[in-house]
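Protein sequence lines, in the order shown, are assigned to chains A and B.
For what it's worth, the numbering used here labels the leading residue of the first sequence as 1, then goes sequentially.
For what it's worth, the numbering used here labels the leading residue of the second sequence as 1, then goes sequentially.
No wet-lab data here; the hints were simulated from the structure.
By construction, the Cβ of each residue, glycine as well, lies at the ideal position given by its N, Cα and C atoms.
Errors might be hidden in some of the hints.
Claimed, not checked - In silico DSSO-like pairs for lysine-lysine, Cα to Cα no more than 30 angstroms straight-line:
id: 1; chain 1: A; residue 1: Lys136; chain 2: B; residue 2: Lys250
id: 2; chain 1: A; residue 1: Lys136; chain 2: A; residue 2: Lys148
id: 3; chain 1: B; residue 1: Lys77; chain 2: B; residue 2: Lys92
id: 4; chain 1: A; residue 1: Lys265; chain 2: B; residue 2: Lys250
id: 5; chain 1: A; residue 1: Lys136; chain 2: A; residue 2: Lys126
id: 6; chain 1: B; residue 1: Lys83; chain 2: B; residue 2: Lys18
id: 7; chain 1: A; residue 1: Lys126; chain 2: A; residue 2: Lys148
id: 8; chain 1: B; residue 1: Lys92; chain 2: B; residue 2: Lys201
id: 9; chain 1: A; residue 1: Lys265; chain 2: B; residue 2: Lys201
id: 10; chain 1: A; residue 1: Lys136; chain 2: B; residue 2: Lys300
id: 11; chain 1: B; residue 1: Lys18; chain 2: A; residue 2: Lys148
id: 12; chain 1: B; residue 1: Lys201; chain 2: B; residue 2: Lys113
id: 13; chain 1: A; residue 1: Lys79; chain 2: A; residue 2: Lys59
Stated by the list, open to error - Using C-beta positions, here's what the derived DEER-type ranges look like:
id: 14; chain 1: B; residue 1: Phe14; chain 2: A; residue 2: Arg299; range: 55 to 63 angstroms
id: 15; chain 1: B; residue 1: Glu134; chain 2: A; residue 2: Glu97; range: 37 to 45 angstroms
id: 16; chain 1: B; residue 1: Gly19; chain 2: A; residue 2: Glu97; range: 27 to 35 angstroms
id: 17; chain 1: B; residue 1: Pro107; chain 2: A; residue 2: Gly17; range: 26 to 34 angstroms
id: 18; chain 1: B; residue 1: His122; chain 2: A; residue 2: Pro289; range: 35 to 43 angstroms
id: 19; chain 1: B; residue 1: Asn39; chain 2: A; residue 2: Glu244; range: 38 to 46 angstroms
id: 20; chain 1: A; residue 1: Pro289; chain 2: B; residue 2: Tyr149; range: 16 to 24 angstroms
id: 21; chain 1: B; residue 1: Pro143; chain 2: A; residue 2: Glu244; range: 36 to 44 angstroms
id: 22; chain 1: A; residue 1: Lys148; chain 2: B; residue 2: Pro293; range: 25 to 33 angstroms
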Amino acid sequence: MPLLEIENLTVSLSQDGTETTLVHDISYSVERGEILALVGESGSGKSVSSLAVMGLLAKALRVTSGTIRFDGNDLLALKNEEMRQLRGRDISMVFQEPMTSLNPVRSIGSQIMESIEENLGLSRAKARQRAIELLKEVGVADAERRLKQYPHHFSGGMRQRVMIAIALAGNPKLIIADEPTTALDVTIQAQILDLMARICRDHGTAMILITHNLGIVARYAQRVNVMYGGRIVESGSARAIYAEPRHPYTDGLLQSVPRLDQDRKVPLRPIQGNPADPFTPIPGCRFHPRCPYTTQICREEAPGFDDGLACHFPLTTETREAV
Amino acid sequence: MSALLRIEDLSVHFPIRKGLLQRQVAEVRAVEQVTLSLNRGEAFGLVGESGCGKTTLARTVLRLVDPTSGEIWFDGKNVSGLKGKSLAPYRKQVAAIFQDPFSSLNPRMTAGKILSEVLYVHRYEGSIPGRVAELLSLCGLAPRFADLYPHEMSGGQRQRVGIARALALDPELIVCDEAVSALDVSIQAQIINLLEELRAKFGLTYLFIGHDLSVVRHLCDRLAVMYLGRIVETGTSEELFSSPRHPYTKALIDAVPAPDPDDDNTNKHGALAGEIPSPLNPPPGCVFHTRCPVAMDHCKSTVPPLSQLGGHHAAACFAVEPSQDAQR
Ligand SMILES: Nc1ncnc2c1ncn2[C@@H]1O[C@H](COP(=O)(O)OP(=O)(O)OP(=O)(O)O)[C@@H](O)[C@H]1O
Ligand SMILES: Nc1ncnc2c1ncn2[C@@H]1O[C@H](COP(=O)(O)OP(=O)(O)O)[C@@H](O)[C@H]1O
Ligand code: SF4
Ligand code: SF4
Ligand SMILES: [Mg+2]
Ligand SMILES: [Mg+2]
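Next up, chain B with everything else stripped away, as it sits in the complex:
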């Protein structure tokens, strides 16, 4: 399998400036030394609590935010330094779907206009009205939706328009940032099924960001867990959910209540104590040590490296013993 997207040692820091001279007084370490690769055709999930850097990572991949250090490779090309016109081909290959379809769609344009505009700007070579009709139907919207404005649609219908817009230029990679998080469960299931269908049909690759673990597990073949800008564990959905190794991943899975009144596994190890520290002032050493139930002394000063555990599984924790297969 070839990697479609490779993120290498990527860090994104936002300077905090103050005063007349706008001197930098601090920085937010939104993304810290992240390395990931997405295979062509896979759905890769990114989970973690709010503020852990998921959106920043997504926006950096979309080249809307510049990396502070590190590289992004797409289809064998380094795209991290591309600027202006040289980004145009990349912008066609990589599309995005956001959480709130209402704020990401122009309220003064009908769905038809929103879609034809994207096609027009990128000089689509076929018939634009034909393509608009095709996109609406691919996303399960009747032709009359071409004439409706976003406020005339339900949340689910607006998200379908958002998906149609992402598909317009035949992208290879779609970054979905909390794409189903704002939807009611019955509609969320419709959109999840639509995303799965489209991926199978067009061989799409997804970077799927979410905070609902059940949704990410359902959709994604592999995933990474982020905490305060860092990847703390990564692996296949099976590896991560049936044998989580990092204490944070364990706590995260543990905190999800099952829709079953007879299941008393939720929080069986007790709810995780404490608050998420600020990325403005991340703890030294292991970023999780302030909440970790098994933290040791050297966790407070040394950053644990992401070590391989066999298969696709890796975790960044001193308390995790590499498994037999990894040592072989």
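Extracted from the complex, chain A is given alone in its bound form:
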């Protein structure tokens, strides 16, 4: 049984008396210990779908259908209090901007210890010991002294290490990392991602890694879900998706990025047009206004999600080359 199993999840926004679908009928699962990436452009629903799993959706947002099963529990049926316990212990989240998720006027130590006391029910002294262990584990040198310091004493990379320590406090089975390194420099990004991958390996923790960066996906994830306009349009092993993308959007993303491992003069092939916006209805396939392979049926009928793909005309080696 997978650790996390999401079926037909739909999330909608109610605003000014109208209902807008932000995440549309997505299904996927995460196995124990694996790293699964969610990629897609800004606004494609990566964060909203993950916040739904955490039970942390904003007030105006609501799961309108579907199920989320985690380790045998139906998460949508849990009471708020039960969900809160689960969040500290079994699932935790790391966000992009560590400064806004840490309280600036409390010491790092009290914030880590609070999370340990709450989630593991340890005494103050034991919690302090555990906090020091956790900081060491995430590579913060001189942990005992640093417990007394405040967030502004830490660089961006160090703050992200602290957030990871807090996320690890309850020995979670799943970590959801939403753009954990987007705000960091490349050499620091490499340190943090190597650290997170090592933690998953050592503790058998599963991770949902949300990112825009196709290089990060290739290096750290075993499987990938590509999202577009609130839907998963393609999913599969990282290897298969990079070698033989079947959805035109996935292919377009891969052709859009310049790469260090290719001739620098290889021209980029951008995807035309602008990303789908949930407030502008698009009939048929949501990608059709930007897709180079659109036909009449694409404009009229939304493709179902079948065998890891939502497209009427999956790409093959021949069609990929032809454009």
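Following the hints, put chain B with the ligands in place on chain A, whose structure we already have.
Chain B with the ligands in isolation, oriented as in the chain A frame:
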């Protein structure tokens, strides 16, 4: 080839003042002894991690920040001391595109108004509405965009307006500071292609600042790598990426994961340890010595000079042997 822009031994320090008397207690050494030259018509890249001084260098070239020492020469004229009215011709020749098109465009003006304002202020001599229409179309925006406000556009469309504004006065040099960094990859590729097209069409020169090495390599003929205010290595894109010589450049390239699950070259030498020191208190000697895997004793006290390695290639590191060609 003639140099369009020459930056000579440029330093920019910001005083940190404290107390009632506003006495200077320290200084941030944002840019330290930088020498660079950009040839007419080339795209020159500047890369480095946040806080290393890229934006400060850009703003100094744009004459928005005064140099502490050193000179800036543009088209054979020393522009570092120009003030007020005497800067007007320079302001027409040098334009800028910034990272966040949202904060750099006036939210209360339509795209058409934003563009006509620049033309009006600089007393454009032709038809202003005609030029606005031309600029929009050059940047791939339909005429209806003239009537839209920034918040009614997507990030990519706003960046196109930013580019149109930069092009308005027919500049020779455009300083692009993280101009594509905030955009989604599919849109980023559109804007990169647009920048390339415009450069070819108008013979523009770019100073292109970015932290995404793959993007800078794709766009730029030559580039410089900065660390804590200093240039540590410079060369053509080919030289720098196929044979980086400075340990920092090597680590930087090494840290970029390739979009290929079968590539295991990333961090093959291990991720670079340690944090970037503060420019408020830069390390003595080689600024990189606190993180350098091959640092030697004298690196801690002596600043390595930028030495020529042959071709356009130069690096500031004691561990780098000058190549054969450079000695000849
Ligand atoms: N609290 C909210 N109220 C209204 N709309 C929202 C809210 N949160 C998200 N949305 C909308 O839902 C859609 C999906 O947003 P989401 O944050 O999941 O995108 P994302 O894929 O995480 O994008 P990014 O890469 O920019 O983080 C967007 O159109 C967004 O504007
Ligand atoms: N006006 C200023 N006053 C004081 N310090 C500044 C000022 N502008 C920039 N700095 C500092 O100078 C250094 C270089 O900054 P910047 O040029 O913005 O770097 P980059 O663009 O490479 O990220 C940073 O430490 C920054 O905080
Ligand atoms: S369904 Fe049609 S429009 Fe949509 S991605 Fe496939 S080919 Fe393109
Ligand atoms: S000069 Fe010394 S410390 Fe600096 S990069 Fe070279 S070897 Fe490393
Ligand atoms: Mg998000
Ligand atoms: Mg900057």
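Consistency of the hints with the structure:
no., hint, result
1, A:Lys136 - B:Lys250, "holds (28 angstroms)"
2, A:Lys136 - A:Lys148, "holds (15 angstroms)"
3, B:Lys77 - B:Lys92, "holds (15 angstroms)"
4, A:Lys265 - B:Lys250, "holds (22 angstroms)"
5, A:Lys136 - A:Lys126, "holds (15 angstroms)"
6, B:Lys83 - B:Lys18, "holds (28 angstroms)"
7, A:Lys126 - A:Lys148, "holds (16 angstroms)"
8, B:Lys92 - B:Lys201, "holds (19 angstroms)"
9, A:Lys265 - B:Lys201, "holds (18 angstroms)"
10, A:Lys136 - B:Lys300, "holds (28 angstroms)"
11, B:Lys18 - A:Lys148, "holds (26 angstroms)"
12, B:Lys201 - B:Lys113, "holds (25 angstroms)"
13, A:Lys79 - A:Lys59, "holds (16 angstroms)"
14, B:Phe14 - A:Arg299: 55 to 63 angstroms, "holds (57 angstroms)"
15, B:Glu134 - A:Glu97: 37 to 45 angstroms, "holds (41 angstroms)"
16, B:Gly19 - A:Glu97: 27 to 35 angstroms, "holds (33 angstroms)"
17, B:Pro107 - A:Gly17: 26 to 34 angstroms, "holds (27 angstroms)"
18, B:His122 - A:Pro289: 35 to 43 angstroms, "holds (38 angstroms)"
19, B:Asn39 - A:Glu244: 38 to 46 angstroms, "holds (42 angstroms)"
20, A:Pro289 - B:Tyr149: 16 to 24 angstroms, "holds (23 angstroms)"
21, B:Pro143 - A:Glu244: 36 to 44 angstroms, "holds (41 angstroms)"
22, A:Lys148 - B:Pro293: 25 to 33 angstroms, "holds (31 angstroms)"
In summary, the structure agrees with every hint in the numbered list given earlier.
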